[in-house]
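If you read the sequences in order, they're chains F and B.
So in the UniProt record's numbering, spot 229 of the first sequence is number 229, and the numbers just go up one at a time.
So in the UniProt record's numbering, spot 126 of the second sequence is number 126, and the numbers just go up one at a time.
Not close to chain F: a few residues of chain B, all C-beta gaps over 10 Å, as computed:
(1) Ser3
(2) Phe29
(3) Ala126
(4) Thr127
Derived pair list, reagent style DSBU-like, types lysine-lysine, alpha-carbon separation capped at 30 Å:
(5) B:Lys63 x F:Lys254
(6) F:Lys198 x B:Lys27
(7) F:Lys93 x F:Lys306
(8) F:Lys254 x B:Lys27
I should point out that these hints are in silico values taken from the structure, not numbers from a laboratory.
Glycine included, every Cβ here is placed at the ideal spot set by N, Cα and C.
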Amino acid sequence: MTVRISNDAVALACGADAVAAAFAAAGVEVERVSSWGMHWMEPLVDIDGVGYGQVSADQVPSILSGDAKSIGRIEDHPFIAKQNRLTFARAGKTRPTSLDDYYASGGWLGLGQARAIGADATIETIMASGLRGRGGAGFPAGIKWRTVADAPAEQKYIVCNADEGDSGTFADRMVMEGDPFMLIEGMAIAGFAVGASKAYIYIRSEYPHAIAKMEAAIRLSAHLIAPFVVEVRVGAGAYICGEETSLLNSLEGKRGEVRAKPPLPALEGLFGKPTVVNNVLTLAAVPWILAHGGEAYAAYGMGRSKGTMPVQLAGNVKHGGLFEVAFGITLGELVNDIGGGTASGRPVRCVQVGGPLGAYIPPAQFDLPFDYEAFAAADALIGHAGITVFDDSVDMAQMARFAMEFCAIESCGKCTPCRLGSTRGVETIDQIIAGKNVDANLALLADLAETMKFGSLCAMGGFTPYPVMSAIKLFPEDFNR
Amino acid sequence: MTSIADIVAEHAHREGPLLPILHDVQKAFGYVSEDAMRDIAQALNLTRAEVYGVVSFYHDFRKEAEARPILKLCRAEACKARGVDALVPIAENQSRVKVEAVYCLGMCSVGPAALVGDQVIARLDATRLSSLLEAM
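Okay, chain F solo, but in the shape it has when bound:
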């Protein structure tokens, strides 16, 4: 009998250690594995493939005696069976920092393939896969790699952006905690392809478990990726450092202020050297693409959005967790069919896709397919593919105010529209909430939003207007209209 319990931070935060200890006390050996991603079930106990959800320590005797009710085979559960798990193929199945488990599940095949076909063909494979940056902007990864590869320099860098600060997202965290060797392999392939000998992975300080697992995995695999070297750097609580140029400044030991582009980081990045800055999910997709071929990856998805996206179902959702699926699935399928609607049982009022800078979307638009272009056409943002669900008790004026407040707290201060606009935005929304000159203040706010959108240096100030203005447009009744 093999008992598996996750040691992902979500499982730990829901009490997995106490459950594992209860099994151990009963004389049963427990394997601590990554999370299946069915977070509403955590702590989830997996006994020879059969699952038991939301287990507490006092239920352990009844599970061992066979009296407890199971959820059946985990792999047959609709939440798992409906997914296309490429990046999360190992989720729930392997011990995160076990090199044996990683080898046994196809680990290092991608790096081996890259070394066999050479740097040029490796970049061609990424080009053919259609992989686009999963951090939010959706820029083709192959083109970025080609630019860095072609830049003449003694020293080049790979920088993995693991400063996943968007509320509603946790896929980066799950990769780092659940499959750290895959991410290291992805960085090593990128380094090989572009001729970089050193990688930094910049992890936010709010993820202590991810930091510990990445550091352990780097120690264990150093000899396998040598002479390539990976080093962890820890952020310091600044949301803006998820913006790539701000992240580079932070790595250099400076204030995390945004840089003007050009120059592109691909040409003048970390310490002025050519640098690939890729998000965790982008680099994590790379080993699979090399091992299976670019065309195999491109066979998933729709239009120019190729492959799969690890969608994160979050907030007030019944079945929250990680759902990796080919692009093209509609928002409604994700929220209602997969997510099961709200956790509170009340009607869904809206969802926010793509974190604090993403627009609010109402159920009337739930036929929107998950596709970069379709979302952009609807003035919305896929971003990092986090979907935060709100029920009908949400006060959208307060959410709009929070969007501005968050921008004011987290603005790096470099450009005026973002630094001052966000504070003026909070004040103006306060006036509207108080019922003072509502029409005039709404007009003023719309004008301010335009200024921030077009005048800000980066997406922080540039995209904060999206949640604000979408809330006003969709729910005017919350704004004294």
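Since the structure of chain F is already known, use the hints to place chain B on it.
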């Protein structure tokens, strides 16, 4: 006791050593004092203003000691959707624990969530938060 000089020496060979140094100084002393900033600046051949500018930019770094235990409560959208704002009065009606806002712990499917040291706690409700605060 670790000294500032030891910490600086440990990281001086690294590229861009300032943030790793500040993290370790804060870990060892609980905050980054003006004296520490002056010593770090001197060791790295930076101005005190440059070091101060970095310390004050990042939310994680404290310029003053905090005697109380610290609980970081996530106040971002996903935890709001799951009712964290209703828990805020509980945090505000006590003074033994310093409660700070944090924006996302990656627990967005099981919030409201909090961080105490390196321990994450999810599915908070009024009862759980109260007993958590009392136990700290």
